[in-house]
Each structure stands twice: as C-alpha cells, then as structure tokens.
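Participant: Starting from the structure of chain A, add chain B where the hints point.
Line order of the protein sequences matches chains A and B. Going by numbering that gives the first Met the number 0, the residue at position 166 of the first sequence is 165; the numbering climbs one at a time, nothing skipped. Going by numbering that gives the first Met the number 0, the residue at position 30 of the second sequence is 29; the numbering climbs one at a time, nothing skipped.
Please keep in mind that the hints were generated in silico from the structure rather than gathered at the bench. These numbers come from a predicted model, not from an experiment.
No farther apart than 25 Å at their CA atoms in a straight line, the calculated lysine-lysine pairs in the DSS-like style are these:
1) A:K326 / B:K260
2) A:K326 / B:K318
3) A:K160 / A:K106
4) A:K106 / B:K260
5) A:K246 / A:K190
6) B:K318 / A:K30
7) A:K23 / B:K260
8) A:K326 / A:K315
9) B:K377 / B:K344
10) A:K326 / A:K30
11) B:K318 / B:K285
12) A:K216 / A:K160
13) A:K30 / A:K365
14) A:K246 / A:K106
15) B:K260 / A:K137
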Amino acid sequence: MIEPNLDLLVPAYVREFEPYIPSKPDPELQKLYGCDHLYRLNNNENPLGPPPGAQEVIRRFAPPRGAIYPSGDSYYLRCEIAACHGIDPDQVLVGNGANEVIAFVIKAFCTQGDNIITADKTFAVYEWVAVFSGVEAKVIPLREERFDDQAMLHSIDAETKVIFLCNPNNPTGTYWSRDVLRAFLDDVGGKQIVVVDEAYFEFVEADDYPNGMSLLKEYPNLIVFRTFSKMYGIAGLRIGYLAGDLKVVDMIRRTCVVYSVNGIAQEAALACLRDETGHIRRTRNLVREGKDFLRREMAALSLPVIVGEGNYLIVKLPGSDTLAYRKLMHEGIMIRPMTGFRYPNHIRVTLAPMAVMEAFVAALKKILA
Amino acid sequence: MSKNSERIIALQLQATMSFLPVATQCVETAATIFGLGREESLKISLATEEIFSYLSSNVCQGEIIDINCVNGLSYIRVEFRFPVSAINMGALNIAAPVTCASEDDMTQMGLAIASHSVDRLNIVAERQNRICLTIEKDKNYPQAPEAAISPVDSTGALTVSVPDIEGVKRYVTCVAQGPADPLRPPFFNYPGQVADMVTAGDCQILTAVDAKGECAGGVLFRFLTSRIIEMFGPHGFHDGREGEIAAMLLDACITNTARTKAIGLVSLTGLSVSSQAQFELLGLIKHYATEGKAVEIQAFYRLLHEDPGCMVFTDECLKDYLRQEYARLFLAREIRDVRNQGETKTGASIFSTEVRQVQSLANLRPLWPGADFDANVKRHINFLKGESIANIFFALDLGVSWHASLSPVLLNNHFRPALIIPFAGLADLVIFQYDRTES
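Extracted from the complex, chain A is given alone in its bound form (with noise of 0.2 Å):
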C-alpha cells in the first residue's frame, strides 16, 4: 500500500499547527491526579446550570426525535434572537457553540495572505483558526490589560480583514466603554470587519458597557457573537450565534455549514432566552459573592488579582501556574493556568459556589504553604 505523501497534500500551514489538545474527561483526571471529586473552576461554566425551562427541555426530549434532523439553520431560534434584539432574522446565523461563527467569519473573508488583529492576551481561538488557515494573526499587546485601540488601529494594513475584540475581555475582564468602541468602529470606518465577541455579555453590569446589538444599524461592518455557553450554561450542548448587517450575514453564510447545531440545542437556547424566572440575576448574585469573597482572600494572601467583569479572576501566584495546576488537581481543584495566554504564573479562576470558593482558597493556601 503506497501512503500519501503528507508533505504536498498537506499546506505547510496546517502541518506546522500543533492541535488544542483539551483536557481528559474528569473520571480520566480524577484517576490521573488521585482525587475523589473534581470541582470545575477552569472553564468558566455555570454551576447553577441552564434556566430551569432548559432544563425541562433537556429533561423532556423524546428519544425517537433523535433520528429526526434539526432544522438546518436553526430557524425558530434565529426568529427569537432577532425578535430580542429588534433585527431581521436574515442577520442571525447560528453555530456549534461561538467556536464555530468565528470560522465562519475567517473563512468568509479571508484568504493566504491576509491578516486579522487580535490582541496578545485574549480568547485563543481566533488567533487559532486565522493560523491554520494560513491567515496571520497580528496580536498586539494589550496595555494595562486592555485592548490598545491607538495599537490596534496602527497596525491595520492593506491585507487586514477582520479585528476581534473581546468585550469584555477574557480573560482580564476588562471592556472597552461605549465612547471608546464606538471612536474605534469610526477610526476603522467600513474598511475592515470588526468582531465584538460578546460571549461574557450577559454578566457585565456596567453602565457604560456597550450592547454591539444596539449598533449593528450604524456600523454595518460590525458582527456581534454571542454564546449560550456561559451564562446561560449549556455548554455541553454547543449553541452560540453571530448577528450583523444583512449583505456581511449573506456572505458569511456561504461559508456556514448548515445542520451543525443539533435540536435539543436550539430548544435549549430558546427557552433560556425565554427564561423569567430570574437566572440572570442569580447567576451574578453568585459571581459577585464569589468575587468579593476572593479579592478578599487573595489580598490576605497578598497574591496579587486581576478583577473585572465575566464569572472569572485572575489571581498572579509567586511561582508557576502550571505547577500550581497540578498541585491543586491533586486536591481536586481544576483552574486555568495562564501561561498559554501568555500571563506566566498567573491563573483563571471560574467564580462558583461559596463552598467551591472556600474550598479553592483552603487548596491554594495548602499549596503555596
């Protein structure tokens, strides 16, 4: 059997990717690391779950309508976001969880030779997909832990087609106002795409946070993403969805491919939007308690922290965060080490219960003991 050559059939750009590799499945971990439980503060999940209408959807989807195909570009759910968000449903375009749209959107605009602006210490994945594309990915150094819009806006070149932001940013929770987004989108003026990533959205109770929503009308270069994976936690079902100016969603949408949110997803994301029995408000009644109760602990512990909005914090320990990882897995405490977006000996913690919390704080006080 002649083997394919790998070295032509493959682009160089994709071959010199090296592959996310994500972490085992936790009873793989818990066997790896010895712990008998494992408390979730890496991904920035929900601990309260989805709204309980999803939760009844879950509970309620009929096993036979498993051989049935969803509706292949999520139609109801578009109608209801658009319906939120006073848009055309034409300008939704629903994914397999925000990962997704953001392929979408690189694919749709970009070709070898481009470029897209991210900056340094963001959300990885949009400086990934740009990569294996063989689209450079142009990272600029965030000042004082925020977006440089001047930084941004100077690097823009004849070649660049989209810039991300991630508002507010994961992981320093910092945001950009609506004055300052709003002089970027002018700065940019039409002639590149801009992403807000609005993933953390939801959590954010600022006054002078900006909905992108709000001004798709008059910018027509501007695509929100949103994500059904954080606050209104179904993450395990990969739903999140991209809203912009009709012609940009008619081009991207050819590089959408259809059918790839499964139907309990899409049942799911409309009854959380739907949802009035006050899970919002819950959920940041939670992340508040969480996040006064560390910046206290971790200032006793004098270990620095980096606190802004989203159900996260970063807390700088005085050594490796990735030594810290494991030591804390042993105690059955899972964080994000942040070496990997590029914050050495820094980590993200997911903002949880008080006894997850109290928990945390007694293993990391163990660990740097």
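Facilitator: Quick look at chain B alone, frame taken from chain A:
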C-alpha cells in the same frame, strides 16, 4: 525549521555498488554547494561511501534508496531511507569492536569509519519496514573575537526585541566573553554558527536593548525535542540590573513559546537565582572537569500547559525512583511494568553517542534494540573512558517500551538516574549519569 526546496537535494537510486560514485559525488557536491569546507565535505562523502556500500552489499541490495542532502546552514544532513527486513548494523556504535581479522569485520569496519567521520548519527524505524539513517556534519566557524565588548551602563528603559544578525553575533560574543561555564554549548563560542542557526530556524534569540540599541542581555531557546524547548540564559551584561533583565527576558521567552507546539521549557545548564521561582527543580547533574573537580548543576523546567498525563514504561528496578520523582514533581503518570519473559532478542543494539570533547561530556541514547545491551554499554563506557570523557549520560525514553529493559543494565554498570525531563521523548526522558566513584 521550514524546509524549502533550495535547501534539499534529493536522489533516488538502486542499492547497487555500481551506483556508489553517484551517491558519493552527489553528497560531496551538495555539501560543497551548501557551504561545508573541503575537509568536512570529504568526511561526509566518505561516510556516505561506507554507508551506501554497506546497504548495497548487506542490507537492501537492489532495492531503492532515497538520499536527501539537507542544508541546515550550520550543518549538512544526509538522510538515507531504505527498506529492510532485518538489520544488524552494530558497527554504527562509536564503540563497536571492529578489527580487521575477518572479511565480516572488514564490512563492519566501513560503518565504524562512517560513524567516526560525522558529528551526529541517528537511526529510526519508519513505517512499512523502512529505516531512516541520518548523518550530520557541522560547518567550521571562526571563534568569537577576544577583544572585549564593554558592558552596557545605561540607566534608561530596556526593551525586549528580536535581534538582527549583527545583534545575534554581538549577544553570542558577549556570552562567550563572560565567565567560563562548563556546560555552555560549544556554539556559544561561534557567533557565525548561531547566526546561521537563527536563520535556519533552529533557535531563537531575544535580547534586552537600551534606547541606543545596545545589548544588555539575551536568551537563546530552541526545540530540544518536538515538545520541549531548551533555554540558555537569560544572560545579563549590565552590572546591577541582572535581576530586572533576567525577569523581562524570561517573561518574553515564556510568552513567545506559550502558544507554540511546545509543552514545556527546560534549563539544563543552570539558571540565575532570580529566575528559579518560575521553574521547578528537576534534579542535579554533577559535571566533572578533566582534572576531577565536580560542579553540581541544577536542571529546571516548567510546563507551558496543563499536564495532560501519560503512560510510562519501566522495569521494576526503576519503579520506586519514578514513583518518588513523579510525586515530588506532581506529575500524573500511569506507570506500566515491562518484564523480560524469556522472549528472544537478536542482533546488535545501536546507541548514538554525542561527544563534546571540550566539555569532557558524552550523551548516549539507544537507537536500536538488540541482544547485547550489557556488552554494548560496557564497550561504550570503556571507549569513553579511553577518550578521557569524564561525564557520561544515558537518556532513556519512558514512552518506548524496549528502552525499559536497559534500566537494569545501566544500574548494573554504575549509571544512576539523575533527573526526569517531562515529555522530552515519546513520554518522559530519564537521564542517567555514570557514577565515576563506583567504577
């Protein structure tokens, strides 16, 4: 390193003695065109002659051999790919017991000559019973100039930057002119060589510079294996600001490597005290000078990502050591026993040997299994002692099951496990050091 067609000359020919001149002429010409000196070109051509003759006569007569000559800029590599059903190339060992007593010995003598003519040799089994035998020859470079470069005395802000070629050579010269370091790799004595290594993508350098562009420090890092980056430095050239310079260079080095395919960063040649907090101590290596004085060198590492855990193979004799070290390092490992259950072992094992005469150091690693592990280890020890090599290391890959059966052999021959380098092989690499006090 991204390969391009200008840096590779490929030849495909039948393993027949009549084609020998084609192979040797091709390699010699390629070596010359790629910039190897006359003497080195002849040596790699000689090695090619011996290897091609051996393959054509004893291993894969009449089969197709692929020969690639690769310009690594600071070295030339020749790769031989050939099919094989059984292999007995024990003479590729640097310590092979070859005499001229019989015709068979004469054939093996050729391989011994090949092995001695090059700087590095490697052999790996590829898919579908194909073998890749690789030889490398380094280029010659002039030594770093002796005229001292004055230290930087700037009090202003320093920034980290990627130096141009002149900046690379200046940094290397500053390192070479610094205090003597027994474990510093020889390439730090040859600025031109490092410049070529950077151009070829074999290593990267970051320097700390002042407003005038004067070099106040630097760090060199390169892939030691496909998943581990080895770091040299950070070196500071500014009295009084070493800590600050080391911190900024280390931070830059980590953030530069954080989203690469590397899973870990190691420092095997010592690390300044101010940088140690960000690393974990792997273990100690004793370095003996030729006159017998020993210096203890600490080896450090840090993972760049979550530890994904892995399975490691071991003989019973090493199990306690591994358990203890993995517990100390908080590494999640599934330890699997490998036992000799009477299975037949044949042929001659092959070890690669990298000798650094200046440092009186040799690094050994197993390339091919065989039935003669104990005898082969003893031959290598005797050979290296005969060469007055004071520091002998042997690396076993805990991800390769047959390496495990070398552990008892090494322990019986006075090697002691010194440290584990996580993920430096298929799994972790355990480095044994020859204990001179017991011999």
